[in-house]
Every structure is written in C-alpha cells, then in structure tokens.
Amino acid sequence: MNEMATVTTAKDWASDQEVRWCPGCGDYAVLKAVQRTMPDLGVARENTVFISGIGCSSRFPYYMASYGFHTIHGRAPAIATGVKLANPALDVWIITGDGDALSIGGNHTMHVLRRNLDCQILLFNNEIYGLTKGQYSPTSRLGTRSPSTPFGSVDRPVTPCMFALGSGARFIARGIDVHKNLVDVLKAAHAHKGASFVEIFQNCIVYNDEVFSSFTEKQAAAGKQLWLQAGEKMLFDGGTKGLALDVDKLALKMVDGDDPSVIVHNPKNRGIAAMLIEMRQDEGFPVALGVIYEDPRPTFESAVVEQNRKAAEGKTPDLQKLIAKGQTWQVEKEPHKI
Amino acid sequence: MATAEHLVTKEEAAARSEPEAVVVRFAGDSGDGMQLTGGQFTLSTALAGNDLATFPDFPAEIRAPQGTTFGVSAFQINFGSASIDTAGDQPDVLIAMNPAALKVNANELREGGLIIADEGEFTARNLSKAGYEQNPLEDGSLNKWQVIHFNISQLTLDAVKPYGLGNKEALRCKNMWTLGLALWMFDRDRQPIVDWLKTKFAKAPELAEANIAALNAGHAYGETVEMGAPGIVQREIGPAPAEPGLYRTVTGAEALALGLVAGCQLAGLGMFFGSYPITPASPLLHHLARLKEFGITTFQAEDEIAAVAAAIGASYAGQLGITSSSGPGIALKTEAIGLAVMTELPLVVVNSQRGGPSTGLPTKTEQSDLYQAVYGRNADTPVAVLAARSPSDAFDCAIEACRIATRYMTPVILLTDGYIANAAEPWRVPNMSGYEPFPVSYYDTPPAEGEGVMPYARNADLARPWIRPGTPGLEHRIGGIEKQPGTGNIDYRPEIHQEMTEIRAAKVLGIANSIPDQQVCLGNDSGKLAVVGWGSTFGPIHQAVGRARNRGLDVSHIHIRHIWPMPKNLGDMLRAFDKILVPEMNMGQLKTLLRDQYLVDAKPLSKVAGQPFRIAEIEDAIEEMMG
Numbered sequence: 000m001n002e003m004a005t006v007t008t009a010k011d012w013a014s015d016q017e018v019r020w021c022p023g024c025g026d027y028a029v030l031k032a033v034q035r036t037m038p039d040l041g042v043a044r045e046n047t048v049f050i051s052g053i054g055c056s057s058r059f060p061y062y063m064a065s066y067g068f069h070t071i072h073g074r075a076p077a078i079a080t081g082v083k084l085a086n087p088a089l090d091v092w093i094i095t096g097d098g099d100a101l102s103i104g105g106n107h108t109m110h111v112l113r114r115n116l117d118c119q120i121l122l123f124n125n126e127i128y129g130l131t132k133g134q135y136s137p138t139s140r141l142g143t144r145s146p147s148t149p150f151g152s153v154d155r156p157v158t159p160c161m162f163a164l165g166s167g168a169r170f171i172a173r174g175i176d177v178h179k180n181l182v183d184v185l186k187a188a189h190a191h192k193g194a195s196f197v198e199i200f201q202n203c204i205v206y207n208d209e210v211f212s213s214f215t216e217k218q219a220a221a222g223k224q225l226w227l228q229a230g231e232k233m234l235f236d237g238g239t240k241g242l243a244l245d246v247d248k249l250a251l252k253m254v255d256g257d258d259p260s261v262i263v264h265n266p267k268n269r270g271i272a273a274m275l276i277e278m279r280q281d282e283g284f285p286v287a288l289g290v291i292y293e294d295p296r297p298t299f300e301s302a303v304v305e306q307n308r309k310a311a312e313g314k315t316p317d318l319q320k321l322i323a324k325g326q327t328w329q330v331e332k333e334p335h336k337i
Numbered sequence: 000m001a002t003a004e005h006l007v008t009k010e011e012a013a014a015r016s017e018p019e020a021v022v023v024r025f026a027g028d029s030g031d032g033m034q035l036t037g038g039q040f041t042l043s044t045a046l047a048g049n050d051l052a053t054f055p056d057f058p059a060e061i062r063a064p065q066g067t068t069f070g071v072s073a074f075q076i077n078f079g080s081a082s083i084d085t086a087g088d089q090p091d092v093l094i095a096m097n098p099a100a101l102k103v104n105a106n107e108l109r110e111g112g113l114i115i116a117d118e119g120e121f122t123a124r125n126l127s128k129a130g131y132e133q134n135p136l137e138d139g140s141l142n143k144w145q146v147i148h149f150n151i152s153q154l155t156l157d158a159v160k161p162y163g164l165g166n167k168e169a170l171r172c173k174n175m176w177t178l179g180l181a182l183w184m185f186d187r188d189r190q191p192i193v194d195w196l197k198t199k200f201a202k203a204p205e206l207a208e209a210n211i212a213a214l215n216a217g218h219a220y221g222e223t224v225e226m227g228a229p230g231i232v233q234r235e236i237g238p239a240p241a242e243p244g245l246y247r248t249v250t251g252a253e254a255l256a257l258g259l260v261a262g263c264q265l266a267g268l269g270m271f272f273g274s275y276p277i278t279p280a281s282p283l284l285h286h287l288a289r290l291k292e293f294g295i296t297t298f299q300a301e302d303e304i305a306a307v308a309a310a311i312g313a314s315y316a317g318q319l320g321i322t323s324s325s326g327p328g329i330a331l332k333t334e335a336i337g338l339a340v341m342t343e344l345p346l347v348v349v350n351s352q353r354g355g356p357s358t359g360l361p362t363k364t365e366q367s368d369l370y371q372a373v374y375g376r377n378a379d380t381p382v383a384v385l386a387a388r389s390p391s392d393a394f395d396c397a398i399e400a401c402r403i404a405t406r407y408m409t410p411v412i413l414l415t416d417g418y419i420a421n422a423a424e425p426w427r428v429p430n431m432s433g434y435e436p437f438p439v440s441y442y443d444t445p446p447a448e449g450e451g452v453m454p455y456a457r458n459a460d461l462a463r464p465w466i467r468p469g470t471p472g473l474e475h476r477i478g479g480i481e482k483q484p485g486t487g488n489i490d491y492r493p494e495i496h497q498e499m500t501e502i503r504a505a506k507v508l509g510i511a512n513s514i515p516d517q518q519v520c521l522g523n524d525s526g527k528l529a530v531v532g533w534g535s536t537f538g539p540i541h542q543a544v545g546r547a548r549n550r551g552l553d554v555s556h557i558h559i560r561h562i563w564p565m566p567k568n569l570g571d572m573l574r575a576f577d578k579i580l581v582p583e584m585n586m587g588q589l590k591t592l593l594r595d596q597y598l599v600d601a602k603p604l605s606k607v608a609g610q611p612f613r614i615a616e617i618e619d620a621i622e623e624m625m626g
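Protein sequences appear in the order of chains P and U.
Heads up: the first sequence begins at 0 in numbering that gives the first Met the number 0, then just goes up one per residue.
Heads up: the second sequence begins at 0 in numbering that gives the first Met the number 0, then just goes up one per residue.
Hints are computed from structural coordinates only; laboratory data are not their basis.
Predicted, not measured: the structure shown is a model, and the values here were computed from it.
Even glycine gets a Cβ: it sits at the ideal position worked out from N, Cα and C.
Some hints here could point you the wrong way.
Said to hold, decoys possible - Partner residues are not named here, just some residues of chain P that face chain U (Cβ under 10 Å, in silico):
| no. | residue |
| --- | --- |
| 1 | 14 |
| 2 | 15 |
| 3 | 46 |
| 4 | 63 |
| 5 | 78 |
| 6 | 106 |
| 7 | 281 |
| 8 | 284 |
| 9 | 312 |
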C-alpha cells in the first residue's frame with residue numbers, strides 16, 4: 000500500500016515521554032525492538048497508530064512518536080476496528096497483555112481475529128497481572144500463588160496461540176522480549192495482510208520473574224527454542240535434533256537432526272501449527288517460536304469497503320430525495336373544501 | 000404520488016361543529032399480521048388527509064403460542080380532523096381476531112364503543128386458552144359495548160377459494176379482509192393497498208390476488224351488511240388542517256435514521272454506525288445499513304461495548320461515530336462513553352428506552368433512563384443529553400446531536416423510546432436547504448519548529464482540535480488517563496485534575512450558549528401551573544393542558560428538549576409559576592433534575608406501566624394540582 004518507503008531512524012520513533020516501566024522489565028526490550036523495526040518497514044509515523052488497552056504493556060503507545068490511543072481495558076481491538084474501517088490506509092498496531100487480551104477483552108480478541116482486520120496484535124504475555132500488583136492471569140500456570148490465589152490457582156490457563164488459531168487467526172507467531180529474532184517476527188507480522196497475532200514472552204521482573212527461564216535462559220536456549228522458518232527443516236539444539244510426525248499417534252515426535260523424517264515447516268499447515276503450539280516442555284519438547292502459522296485471506300476492512308462501494312454504485316446521494324421517499328402526498332397551497 | 004384534494008384551512012376546521020377523531024385498535028395473535036394491517040390502515044388514513052398517531056403494542060415473544068393472552072399483538076391508531084398528538088386514550092373501535100385479543104383489550108374500550116370479533120376463532124379451545132369459561136360473545140358480558148361478530152375466518156376462506164391456497168395460507172389473508180372492512184368503515188381508498196400488495200407479492204402473484212380478493216371481500220361485506228348491523232355504519236372523518244407541503248408517514252426509527260444521515264451531511268462527515276442488536280433499537284441499524292451511498296459504514300459489533308468502542312475509534316480517525324442501543328446496552332457502553340469524554344471525541348449515543356430494570360419489558364415503552372444519561376457514569380463525566388418528543392421530532396434532534404457532538408468534541412446522548420421508535424405520524428418533509436450546515440474542519444497545522452503538538456488546546460467553545468491520524472507533523476497520543484491542558488501528556492498532579500475536571504464540565508455547560516431559549520409551548524409564560532415534560536410524553540401533556548385551558552384553567556405546557564445542559568432561561572421560567580407538575584414514564588427523574596438545578600418544588604406524576612400516558616390521567620393530575 001505504501002508506494003514509497005519513508006526513511007526514518009529508530010530514534011524518530013521514540014516519543015519525548017519518559018518511559019515508566021519497572022527497571023529490568025521486558026517491555027523495554029520490546030519497545031526497543033519495535034522502534035528498531037519501524038525504519039525497516041518504510042512506513043511513515045503519521046500513518047501509524049498504536050492502540051492499547053489497559054495494563055503495563057498498554058502504556059506502550061505513549062512512548063512511540065506515532066499516533067497513539069491508550070484506551071480502556073480489553074477494548075483495543077474494538078477501537079482499532081473503528082479506526083481501520085474509518086481509514087483503511089492507517090497502519091494499526093494493537094498492544095495488549097495476557098489479561099487485557101484474554102480475560103477482560105477475550106471477546107474482542109476473538110472477533111478481531113475471525114474478522115481478519117488488517118493489524119498487528121502484539122500480546123505481551125507475562126502470565127501475571129502486573130499493573131494491579133501481581134494477581135494470577137488467564138495464562139498463569141495451574142497452582143500459581145498470587146495475592147488473589149494465596150493457595151495456588153486452581154483454573155487451567157489458556158494457550159494464547161491456540162486461542163488465536165481457534166478464533167480463525169491467519170497469522171500466528173511467537174517471540175521473546177529480549178531475543179534478537181523478535182525484529183524478524185515483527186517484520187513478518189507487518190508484512191502479513193490481515194490480523195497478525197504475535198505472542199511475546201515477556202518477563203515481569205517484579206511479580207513473575209524468570210517464569211519463562213526454562214527456555215529463555217542462555218544455557219537452555221538452544222535445546223528449548225525451535226525457531227521456525229518457512230521451507231526449512233524443523234531443527235533445534237544446533238541442528239542435532241528435529242521434529243518428525245509420529246504417523247501412528249498423529250503427533251509430533253523428536254528425532255535426530257539428520258533423520259530423513261524431519262519435517263519441513265509449511266506455515267499454511269494448520270494441523271501441524273496446532274501441534275507446534277501445543278508442544279510441552281515437560282515432555283522434552285522445545286517451544287515453537289517465529290511464524291508458526293500463516294495463510295492469508297481477504298481482510299475485513301477490504302470486504303467492508305468493497306461492499307460499501309458496490310452498494311453505492313450508480314446511486315447519487317440525494318438527501319432531499321431520501322427523506323421524501325415512500326408513499327407521499329402533497330397538500331396544496333390554495334386550500335379548497337371537500 | 001397522491002394529492003390531498005381536501006385541504007381545509009384552520010379557519011374552516013374551526014368552523015366545523017366538532018372536530019372528529021376516532022381511535023381504532025386492531026388486536027390479534029402475534030402471527031395474525033396486526034402490525035401490517037395497522038401500518039397499511041395508517042397509510043390510507045394519512046393519504047385521506049387526517050392527522051394521526053399510532054401505537055404498536057406487541058409481545059416480546061416472536062411467535063408466542065397461538066391463542067394465548069401473552070401472544071396478543073395490537074396496533075392502535077388515533078386519527079381525526081383536528082391535530083392529533085397521541086394514539087388516543089381509549090379505543091372507540093376494537094377489532095378482535097380471537098378470544099385472547101378480546102380478553103386483553105376489551106376493558107380499555109370506551110363504554111359504548113364497538114367490538115368487531117371474528118367468531119370463527121371463538122372455539123372452545125381458544126376460549127379456554129384465553130381464560131374464558133363461556134363465550135363472551137353469547138353470555139352478555141360485553142353488554143356495555145356494541146358487539147358485532149361474524150366468521151371472518153370463513154368469509155376469508157370463501158373469498159380466496161378461487162386461488163387454490165392451502166388452508167393455512169388462506170387464513171393468513173384474514174388481516175386483509177379485516178383491513179378491507181376497516182377501510183370501508185372510514186371510507187378509505189383501497190388502491191394504495193392494492194398497489195402495495197402487488198409489489199410485496201411480486202414474486203407470488205397468486206398471493207397478491209388472494210390478498211386483494213380478501214381486502215375487497217371485507218370492503219364489500221361492510222357495504223352489504225350495513226342494513227342489518229347497527230354497529231357498522233360508515234363514518235366520515237374529515238381531513239385535518241395542515242400546512243401546505245409534501246407529506247409522508249414516518250416512524251421514529253426512520254426519522255432518526257434520516258436525521259443522523261442529515262446531521263452527517265450537514266457536518267460534511269462520513270458516518271460510522273456501530274451497533275449490537277437489541278429491542279427496540281435495532282430498526283435504526285437496519286435502516287442505516289441500506290444507505291451506503293451516503294458515506295455510511297454500519298458495523299454489527301460482537302457486543303455493545305465493541306459497538307461503542309468502534310464508534311469512538313472511527314471518530315478518532317475522522318468520521319462521526321454513532322452507536323445505538325436501549326438501556327441495558329447503554330449500561331454496557333458506559334465505560335467507553337467515559338473514554339470519549341476524557342479523550343474529547345465526538346460521539347452520538349442513541350438510547351431507545353424501554354421498560355426496566357435489567358431486561359425488564361423489552362417491547363414496552365418507558366422513559367426511565369434519564370438518570371442514566373445525565374448521571375450514569377463513574378466520576379465527573381458530563382455529556383450532552385437530548386430527548387426527542389415524537390417520530391418527526393427525532394429527525395431534528397438527530398441533527399442537533401450531530402451538531403453538538405462535532406462542535407464541542409463531546410459525546411451526546413439522544414434519548415428516544417420504544418413508543419417513538421415504532422409509532423408513526425404524518426411528517427411534512429422538510430426542505431433541507433433550510434438547515435444551516437455546520438461543516439467540520441480537522442486541525443492540520445503542524446507546530447512551529449521546537450514546539451510540541453497541542454491536542455488539548457481550546458477554542459472559544461472550550462472544544463479541542465480534531466486531529467486525524469494520517470496528518471503529518473501532528474503525531475500525538477491520547478488516552479483515558481488524566482492529562483495536562485494543552486499537551487495532553489499524562490499528568491496526575493492534583494491541580495491538573497482539578498483544572499481538567501472543571502474544563503470538561505464548563506465545556507459541556509457552555510453548550511447552553513448555542514441552544515435556543517426555552518419556550519412555553521402552550522399557555523402563558525407565567526401562571527398557576529406549569530406542566531413540564533420531556534420525550535414522548537409531549538402528546539398527552541399537550542392535549543391535557545389544551546383541554547384544561549379550554550376549561551379556563553391557568554396552565555401552561557413546557558417541553559424540554561435539551562436535558563443537559565438545560566436552556567439558560569429555564570430556571571427563571573419555572574420560577575414564574577406557582578406550581579410545577581412533571582408527568583413522566585418513570586418514578587420522577589426529570590423532577591429530581593429540576594429540583595436539583597433550580598430548587599423548585601416540582602411534583603412528579605409517575606407512570607411505569609409500559610404504556611404511554613392517557614390524556615385523562617394528566618388532566619386529572621392537573622385538576623388535583625389546581626385544587
């Protein structure tokens with residue numbers, strides 16, 4: 000859509016507002032990654048809108064030197080839908096968290112995905128409620144102790160990417176706040192026309208520190224992170240291990256890296272995408288990262304615009320005619336008796 | 000287009016001995032097509048030059064079990080040779096298509112009024128379903144009324160026999176037979192209905208023919224039985240005086256849709272209409288969804304919150320965001336309306352009020368959301384509030400709502416109700432060139448080098464600039480957090496919150512500078528009693544005050560359109576009366592507001608029956624107040 004790439008630097012995308020997250024918060028890294036990504040996208044600041052709900056991550060728009068709208072809890076996708084329908088030329092980013100997107104705003108997340116509004120949804124998942132001081136969230140693991148669950152949570156968490164897949168999302172990716180690959184994930188999300196769902200594992204240093212360390216720690220990274228690349232074999236642990244399909248069980252299995260049965264990543268394969276999302280670390284599987292699923296289809300706003308255009312075709316908007324429609328009668332100026 | 004060739008002047012009308020008006024109620028099973036019958040009768044009555052008002056009254060159930068009292072659907076029309084403001088206190092004529100319809104409606108009929116019943120439906124089974132132990136058509140229990148009954152079902156079957164319809168389909172033509180009879184009774188032209196049936200059943204000509212045959216048979220029946228049935232006599236209701244011009248009938252929902260279109264056109268804006276289906280507000284969405292050529296995007300959202308949130312998003316992006324619902328839905332939208340107040344974005348919120356609380360009475364009317372509109376948000380969160388008084392008034396109110404929203408960068412709540420939404424009245428089609436456009440301009444001047452963007456700068460109206468995303472050099476961030484004046488940067492300091500709260504309040508109060516002074520709509524500017532109303536109680540109050548004045552009582556009628564802020568002269572006006580009576584279809588909400596704002600001793604007259612006031616009820620209250 001952008002005919003000419005706009006030249007900017009990462010610094011151009013930083014607003015003059017002081018960033019107010021806790022020292023060491025993963026949000027800083029995501030902010031930097033986004034600011035570093037924007038120049039590579041060749042987009043203009045005036046055409047970019049960051050829209051957020053409520054939560055720590057939702058302060059994000061204040062720190063971007065684009066247009067920004069910090070809205071209310073859970074409703075960013077609905078506001079974004081209005082923005083994009085009113086002006087489809089705008090480049091819309093939704094910044095949300097696990098509580099914002101999957102608890103209070105779960106309904107809107109589901110519908111923005113199924114409608115396939117062209118936007119990027121960055122879900123900062125830290126498995127905790129940070130802004131309200133540490134209660135468990137819909138992605139917190141079973142047994143999470145928090146101020147509201149002093150004896151441990153008893154309800155099972157939702158898997159964000161499975162939620163997205165079930166809602167009809169056509170682009171699903173994962174990244175890690177401090178990982179260098181996040182920029183590539185963001186670029187891929189932006190390149191996708193439609194709702195791009197990106198789950199970012201984000202460390203809350205105060206209320207849920209190191210909750211992802213089992214696969215984000217440097218020592219564990221190689222063996223626990225599977226960075227997917229379209230058309231490439233699903234290899235991890237320095238290429239020594241790979242994923243293959245256990246045909247009998249219709250499930251993924253781990254094999255040696257040089258095993259000929261290692262499968263090649265086809266992002267359009269929805270079934271495999273589900274298996275990749277569902278891989279369990281406690282069974283020795285790595286965490287699937289990068290673009291897990293991508294299969295574009297027409298966007299919501301393009302369909303609305305097209306239908307509006309077609310419905311208006313050949314009609315002249317004449318208000319005076321419109322209000323005089325239907326069965327009318329004229330009362331004459333010169334009155335006469337019956 | 001028809002021409003009314005029977006126009007009378009006001010003088011001629013006044014010279015007539017007694018202006019005549021008749022109230023007819025059609026009542027039947029919800030599947031009997033009573034709303035359709037009423038709608039078509041309304042059209043032919045309007046074409047005959049009568050003034051009229053209607054009251055569709057239908058059950059919440061789409062198809063309640065046949066023959067039950069809770070499945071009764073009714074349509075009342077009041078038409079006459081004088082100005083008509085209400086659907087009428089008591090029907091003069093009741094057309095009852097089954098025992099349940101008779102049971103539910105008979106007691107409202109004026110003593111001596113006429114009941115026409117379809118005896119074909121008065122079977123033992125239907126009588127028992129309606130709770131009758133004996134057949135009321137035979138046991139003398141209806142003696143205070145004139146009753147005529149014949150087998151409309153059989154007569155309809157006979158009339159449509161040549162068209163080879165199944166029994167069920169043939170019986171569906173009953174309503175047209177009944178309409179034919181009603182048209183004969185009041186000497187109405189059948190042709191517009193014949194034309195309408197031909198269009199409606201263009202794809203099934205045999206259905207069109209059968210319905211026309213039923214219509215003609217009902218009409219002919221009226222003529223033939225004239226001799227034998229004293230109840231059926233043709234009555235001529237002369238035309239009402241009317242201003243010259245082009246007329247049509249309009250329901251509140253239609254007028255509201257047209258007014259919103261007009262408002263956006265006058266503002267020069269595209270319309271974004273976000274809504275979630277709810278009774279009785281949905282017709283507005285249906286009407287607007289068909290008008291894409293006027294730059295309208297309609298969005299059926301996943302819920303009420305998304306509907307208003309998307310509208311706010313659209314306003315942020317430069318269109319006029321509009322959302323619509325009824326009380327329970329407005330409750331859900333409340334937090335988002337607060338966001339629009341805080342971010343100072345234009346937004347029109349239409350509330351088609353219904354009986355509550357909670358799900359309440361979805362299809363029945365009430366005006367009990369005034370507190371919700373004026374006070375119903377967390378914190379000090381002022382919005383403008385308007386209320387329409389009638390279907391045609393909804394057109395002008397919608398335009399006014401768009402004007403205020405865009406000029407003052409504020410949410411506006413427009414109150415209407417289930418009665419206005421569904422009721423129809425003749426409407427003189429306005430000439431749009433008589434409306435002053437209020438074109439919106441977006442702010443697009445980037446700040447000078449070294450200076451910041453000022454999204455919360457203020458003009459003389461205290462409104463902030465409307466800066467659309469996409470405007471180069473004006474990138475800025477807004478949100479629900481308290482902010483500095485001018486820059487809009489987050490700022491929680493005590494003095495900042497004090498200042499911003501006061502500015503938001505002053506801006507909305509300042510709307511009073513651009514609204515007309517309050518007028519007395521009937522009677523003197525001072526006196527013994529002011530009857531003060533708002534919304535759809537206009538009709539019965541106006542009639543009641545008129546009648547009281549005809550009896551020499553010193554009473555005036557004040558009708559308030561601008562609920563918040565109120566016209567600047569309203570306080571002085573109210574204080575010029577000894578007493579104030581406020582009839583409302585709620586427990587006294589405007590009464591509270593008037594007491595609060597002006598320290599006047601406003602007395603309530605409450606009705607929460609899901610039905611509009613009767614004129615007589617207000618007349619009685621006036622009598623009592625006058626002592």
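Taking the hints in turn, this is what the structure says about them:
Because the closest C-beta pair between residue 14/P and chain U is about 7 Å apart, less than 10 Å, the hint holds. Given the 10 Å rule on beta carbons, the hint for residue 15/P holds: about 8 Å separates it from the nearest Cβ of chain U. Residue-level restraint check for residue 46/P holds (minimum Cβ-Cβ distance to chain U is 6 Å; threshold 10 Å). Given the 10 Å rule on beta carbons, the hint for residue 63/P holds: about 8 Å separates it from the nearest Cβ of chain U.
Interface hint at residue 78/P: satisfied, since its Cβ lies 4 Å from the closest Cβ of chain U, which is below the 10 Å cut-off. Among the interface hints, the one on residue 106/P holds; its C-beta lies about 6 Å from the nearest C-beta in chain U, closer than the 10 Å criterion. The interface hint given for residue 281/P is violated, since its Cβ lies 36 Å from the closest Cβ of chain U, which is over the 10 Å cut-off. Proximity of residue 284/P to chain U is violated relative to the hint, the smallest CB-CB distance being about 35 Å (cut-off 10 Å).
Proximity of residue 312/P to chain U holds as hinted, the smallest CB-CB distance being about 8 Å (cut-off 10 Å).
The structure fails to meet hints 7 and 8 from the earlier list, while all remaining hints are met.
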